[in-house]
Amino acid sequence: MPRRSPWLWAAALVAYAFLYVPLAIVVVYSFNDSRLNAEWVGFTFDWYRKLAANQEMLQAAANSLLIGLAASAVATVLGTMAGVAMYRYRLRLLPVLVLTPIAIPEILMGVSLLIFFVLLNVTLGLVSVALAHIAFCIGFVAIVVRSRLAGMDETLTEAARDCGATPWQTFRHVTLPLIMPGVIAGALMAFTLSIDDFVITFFTAGAGTVTLPLQIYSMIKIAVTPEVNAVSTLLMLLTLVLIVIASKLSPSLFRSD
Amino acid sequence: MKRSYLACTVARTAALAAALLLALPALAKDQLHLYNWNNYIAPETIKRFEAECKCEVVQTYYSDNEELLAKLAAGAKGYDVLVPTANAVQALIRGGQLKPLDKSQLPNLKNVDPAYMNSPFDPGNQYSAPYAMSTTILGYNDEKMKELGLPTDTWAVIFDPKYLEKVKGRVTVLDSANELFAAALMYLGYPANDTDPKHWDEAAAVIRKAKPYWAAFNASSYIKELTVGNIWLVHGYSNDIFQANLDAQAAGRKFRILQGMPKEGAVLAVDNMVIHKAAPRPDLALKFINFMLDGKNSAELTNLIGSGNPNADAMKYIKPELLKYPAIFPPKAVQAKLDQLKDVNVAQRRLRNKLWTEIKASK
Amino acid sequence: MAARPSERWGKWLVSGPPLAYLLVFFAAPTLIMVLASFRSPGEFGGLAPFFGDDGAPDLNLESYARFFTETVYAQVFVKSLWYALITTLFCLALAYPLAALIATSPRKYRDLLLLLVILPFWSNFLIRVYAWMIILGPNAAMARAVNGMLAYVGAGPVPLLFSSFAVLVCLVYVHLPFMVLPLYANLEKHDRALLDAAQDLGANAWQRFWRITFPLSLPGVYAGAALVFIPALGIFAIPDILGGPNDTLIGNLIKQQFLETRDWPFGSVLSIVLTIAALALAGLAAWIGRRSAGGGGPARA
Numbered sequence: 001m002p003r004r005s006p007w008l009w010a011a012a013l014v015a016y017a018f019l020y021v022p023l024a025i026v027v028v029y030s031f032n033d034s035r036l037n038a039e040w041v042g043f044t045f046d047w048y049r050k051l052a053a054n055q056e057m058l059q060a061a062a063n064s065l066l067i068g069l070a071a072s073a074v075a076t077v078l079g080t081m082a083g084v085a086m087y088r089y090r091l092r093l094l095p096v097l098v099l100t101p102i103a104i105p106e107i108l109m110g111v112s113l114l115i116f117f118v119l120l121n122v123t124l125g126l127v128s129v130a131l132a133h134i135a136f137c138i139g140f141v142a143i144v145v146r147s148r149l150a151g152m153d154e155t156l157t158e159a160a161r162d163c164g165a166t167p168w169q170t171f172r173h174v175t176l177p178l179i180m181p182g183v184i185a186g187a188l189m190a191f192t193l194s195i196d197d198f199v200i201t202f203f204t205a206g207a208g209t210v211t212l213p214l215q216i217y218s219m220i221k222i223a224v225t226p227e228v229n230a231v232s233t234l235l236m237l238l239t240l241v242l243i244v245i246a247s248k249l250s251p252s253l254f255r256s257d
Numbered sequence: 258m259k260r261s262y263l264a265c266t267v268a269r270t271a272a273l274a275a276a277l278l279l280a281l282p283a284l285a286k287d288q289l290h291l292y293n294w295n296n297y298i299a300p301e302t303i304k305r306f307e308a309e310c311k312c313e314v315v316q317t318y319y320s321d322n323e324e325l326l327a328k329l330a331a332g333a334k335g336y337d338v339l340v341p342t343a344n345a346v347q348a349l350i351r352g353g354q355l356k357p358l359d360k361s362q363l364p365n366l367k368n369v370d371p372a373y374m375n376s377p378f379d380p381g382n383q384y385s386a387p388y389a390m391s392t393t394i395l396g397y398n399d400e401k402m403k404e405l406g407l408p409t410d411t412w413a414v415i416f417d418p419k420y421l422e423k424v425k426g427r428v429t430v431l432d433s434a435n436e437l438f439a440a441a442l443m444y445l446g447y448p449a450n451d452t453d454p455k456h457w458d459e460a461a462a463v464i465r466k467a468k469p470y471w472a473a474f475n476a477s478s479y480i481k482e483l484t485v486g487n488i489w490l491v492h493g494y495s496n497d498i499f500q501a502n503l504d505a506q507a508a509g510r511k512f513r514i515l516q517g518m519p520k521e522g523a524v525l526a527v528d529n530m531v532i533h534k535a536a537p538r539p540d541l542a543l544k545f546i547n548f549m550l551d552g553k554n555s556a557e558l559t560n561l562i563g564s565g566n567p568n569a570d571a572m573k574y575i576k577p578e579l580l581k582y583p584a585i586f587p588p589k590a591v592q593a594k595l596d597q598l599k600d601v602n603v604a605q606r607r608l609r610n611k612l613w614t615e616i617k618a619s620k
Numbered sequence: 621m622a623a624r625p626s627e628r629w630g631k632w633l634v635s636g637p638p639l640a641y642l643l644v645f646f647a648a649p650t651l652i653m654v655l656a657s658f659r660s661p662g663e664f665g666g667l668a669p670f671f672g673d674d675g676a677p678d679l680n681l682e683s684y685a686r687f688f689t690e691t692v693y694a695q696v697f698v699k700s701l702w703y704a705l706i707t708t709l710f711c712l713a714l715a716y717p718l719a720a721l722i723a724t725s726p727r728k729y730r731d732l733l734l735l736l737v738i739l740p741f742w743s744n745f746l747i748r749v750y751a752w753m754i755i756l757g758p759n760a761a762m763a764r765a766v767n768g769m770l771a772y773v774g775a776g777p778v779p780l781l782f783s784s785f786a787v788l789v790c791l792v793y794v795h796l797p798f799m800v801l802p803l804y805a806n807l808e809k810h811d812r813a814l815l816d817a818a819q820d821l822g823a824n825a826w827q828r829f830w831r832i833t834f835p836l837s838l839p840g841v842y843a844g845a846a847l848v849f850i851p852a853l854g855i856f857a858i859p860d861i862l863g864g865p866n867d868t869l870i871g872n873l874i875k876q877q878f879l880e881t882r883d884w885p886f887g888s889v890l891s892i893v894l895t896i897a898a899l900a901l902a903g904l905a906a907w908i909g910r911r912s913a914g915g916g917g918p919a920r921a
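Protein chains in written order, with the numbering used here: chain A, 1 to 257; chain B, 258 to 620; chain C, 621 to 921.
Treat the hints with care, since some could be wrong.
Straight-line distance between alpha carbons at most 16 angstroms, and here's what the computed EDC-like set of lysine to aspartate or glutamate pairs gives [unchecked claim]:
| id | chain 1 | residue 1 | chain 2 | residue 2 |
| --- | --- | --- | --- | --- |
| 1 | B | 466 | B | 417 |
| 2 | B | 599 | C | 880 |
| 3 | B | 286 | B | 313 |
| 4 | C | 699 | B | 615 |
| 5 | B | 589 | B | 521 |
| 6 | C | 809 | A | 154 |
| 7 | A | 248 | C | 731 |
| 8 | B | 544 | B | 309 |
| 9 | B | 599 | B | 453 |
| 10 | B | 611 | C | 682 |
| 11 | B | 511 | A | 39 |
| 12 | B | 599 | C | 663 |
| 13 | B | 304 | A | 56 |
| 14 | B | 466 | B | 422 |
| 15 | B | 611 | C | 690 |
| 16 | B | 611 | C | 880 |
| 17 | B | 304 | B | 287 |
| 18 | B | 553 | B | 370 |
| 19 | B | 360 | B | 540 |
FRET-style restraints, in silico, Cβ to Cβ [as the list claims (entries may be wrong)]:
| id | chain 1 | residue 1 | chain 2 | residue 2 | range |
| --- | --- | --- | --- | --- | --- |
| 20 | B | 462 | C | 640 | 48 to 56 angstroms |
| 21 | A | 14 | C | 669 | 55 to 63 angstroms |
| 22 | B | 608 | C | 900 | 27 to 35 angstroms |
| 23 | B | 404 | C | 771 | 15 to 23 angstroms |
| 24 | A | 6 | B | 332 | 57 to 65 angstroms |
| 25 | C | 778 | A | 17 | 17 to 25 angstroms |
Read the hints as simulated data drawn from the structure, not as lab findings.
All values reported here derive from a predicted model rather than from experimental measurement.
Here a beta-carbon is modelled for each residue, glycine too, at the ideal position from N, C-alpha and C.
Using the sequences plus the hints, can you model the full thing?
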């Protein structure tokens, strides 16, 4: 194990602190006895109680989770394929199509997808939102996977071929395990993007579809109460639990050896 | 291997989500889709309506008229009742997006104060029924303003550098070209709906001169900062300022947040119930509108958030202390100075946007 | 490598599905809006009818002309580029040690450390920005410390909230995981043996980093930079919530066109210019990367 310099530790700890101080405030303030939540007033469990009774908010959270898992799953598969293809073959159209959704302003993408869905007479709902999310998540996964492949040792794949493996076998048993950290990283990014998306979701959601960001942003002008902190805290914990369970059930998935 | 894992996870989560969804009340056959501002209807009112009509009210929310307009302009469907503000109603009517109201189903329409009926954007109330209202005024920290000796009944306090000097960095204004230009025009003595480009230039100049003293253009988080005491003076909505005071008192602060009605006039925003042209259940929509025009139901929102109320019949159900706020229930003298914002055409919108962008980009 | 038939087939099999998906759910809708940039705005919102009064299609270059004649939009563009650049550099500075720490940790802790990086980002964006408002508030510890120090040297108090500083801090915060994850994915595969060999040959820590680790990590750096710089160019929510009166970015202008001004054609024009600029910069960075790294991978052989 390499001996890591104390500078590295110090810098990394500063970065972790930077990440966690705001989060600590989010969690702590979910117990704040103040509707506007701009300053600490007092301790209370009220907001969690209110949340338990708030069907709308809970439904919104469930929808967000569902769309997030589905969209990130599909985006990871398609994005990995795109990343591998961009690395392996000389392509002209795919790199542009993959990169542009990242560059294009969300509001343009949202409005255009809505017009598109209306033209095709697609019923707006959870599915239309998921389809939209997949479109902009593919790029993130593809770029990470491709960068992971860059500089990869070709001798391994060539050796596999020489031993008679088909391209699929080479991919499944050699390439995929090697790029797995990149795929996981891409999947995490896709999930994060999906559960937090507002603009595109706003335009592609149906008349009865609420996701958590839609619910929360609609409160922006009145008051984003600590109930939102509460639901955010719970959603984080739930997702963490899901992932830990998943990693325990398929431990080989997360290793790249 | 990876695909089956992912499929497995998705399946497991789908099952979990399905269980969650099924645990919620079974979908009623009759649904009314209401597209409204968040926290703009009391939960008890919804429950009473659901009991009365034996239907389910499905609410989704927007936080800006323009978001509603953009979504409908792109062709979104499925909504029954919308609650746009007057200028948005104007745009929707002209864009052919609304279904005319069947007045025979709205006996309670007579409850509305005649002063708010028959407005220039919807003569004869063919499409809209007034719901609630607010004014765009000044909000201030009474302790600080008294300490600094600043007036609170004139727009000059946010536009005139001689006042602004004392509150530099402690003032916010709304991040809305419509609202800010209206305020500047009124400060200069012009009507809020003035469309003379020369007057707009003057208003832009006033805004640019005052900008260095302002902390931010903010329509979303300014209320928090006012309540906490970081910001002392805001250009904001009467409902928000009312709420800010309630929160400030609940948090035990020593100052109060008060509403200041400028003598030059202010913008009145009347929100109306309308029916979308492609509404799936116009019959339920009419029932809902009639229900909300009943005085008792209408009063519940006012009692909840301190919004203004155009319904004459509701007055007897409103908490007496609320009736004393001139910004919420303006007396006749003030009413004369309130103006509803009118929608403008493309050329004017473009001009205003150019001026607004230049203001925002200037140092 | 000559294109064997199975090679060709493989190429379509792998690139086909994502290509098809993006063509349908991205390219087609976007083309609708690209077309919109040549049309006129509707009187009260949306777009004017495609076929004008005389039956001919209503297409014009008005909106493009406006962009090129009213220079204020270009000014805002340049400012956005600056903000995005600064955000990317600070993200890199913070993300690199984090990714390096995780990549060199014992295997059993790696996943946990990585999850800890991304966990905060599963809370809602708005809540995190509000948390920063609390941290940067005028009466909070940070502002008091900074202004106390400034007062000591005789300088006036500086607002931390509603300022460019607040916007940049929040931009860095929000984009950090998108720099950490690609860097991690790259650093994770670095061969320890190289570093050990270098150490045996007498290289110190800095030399090992600068001459071995950093060059090898460049693909990760470029990927992270792309995933931070490009989205940061279009952001509007952060300046809206905690920006000062001068913090208007191109994302805010674009949002205004679609909302308050209801000028969809002009909004499309601004969006197209932004997208092309972003893609061009990404392409430029990739080209520089290829030239300096001397290439790598079969497609570039």
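Here is what the structure says about each hint:
1. 466/B - 417/B: With a Cα-Cα distance of about 8 angstroms, the restraint between residue 466/B and residue 417/B holds, given a limit of 16 angstroms.
2. 599/B - 880/C: Holds, at about 13 angstroms.
3. 286/B - 313/B: holds (8 angstroms)
4. 699/C - 615/B: The given pair, whose Cα atoms are some 14 angstroms apart, holds under the 16 angstroms limit.
5. 589/B - 521/B: holds (15 angstroms)
6. 809/C - 154/A: holds (14 angstroms)
7. 248/A - 731/C: It holds: about 11 angstroms lies between the C-alpha atoms, which stays within 16 angstroms.
8. 544/B - 309/B: holds (10 angstroms)
9. 599/B - 453/B: Measuring from Cα to Cα gives roughly 14 angstroms; hence the hint holds.
10. 611/B - 682/C: holds (15 angstroms)
11. 511/B - 39/A: holds (15 angstroms)
12. 599/B - 663/C: holds (14 angstroms)
13. 304/B - 56/A: Given that 16 angstroms is the threshold and the Cα spacing comes to 14 angstroms, the pair holds.
14. 466/B - 422/B: Holds. Residue 466/B to residue 422/B sits at ~12 angstroms (cutoff 16 angstroms).
15. 611/B - 690/C: Distance ~8 angstroms between residue 611/B and residue 690/C Cα, so the pair holds.
16. 611/B - 880/C: holds (12 angstroms)
17. 304/B - 287/B: Between residue 304/B and residue 287/B the Cα gap is close to 14 angstroms, so the pair holds against 16 angstroms.
18. 553/B - 370/B: The hint holds at about 15 angstroms.
19. 360/B - 540/B: holds (12 angstroms)
20. 462/B - 640/C: 48 to 56 angstroms: Taking Cβ atoms as reference, residue 462/B and residue 640/C lie about 55 angstroms apart, which means the hint holds.
21. 14/A - 669/C: 55 to 63 angstroms: Hint holds: Cβ distance 57 angstroms, inside 55 to 63 angstroms.
22. 608/B - 900/C: 27 to 35 angstroms: holds (32 angstroms)
23. 404/B - 771/C: 15 to 23 angstroms: holds (21 angstroms)
24. 6/A - 332/B: 57 to 65 angstroms: Holds, at about 60 angstroms.
25. 778/C - 17/A: 17 to 25 angstroms: Holds, since residue 778/C and residue 17/A (Cβ atoms, about 23 angstroms apart) stay within the stated range.
Checked against the numbered hints given earlier, this structure breaks none of them.
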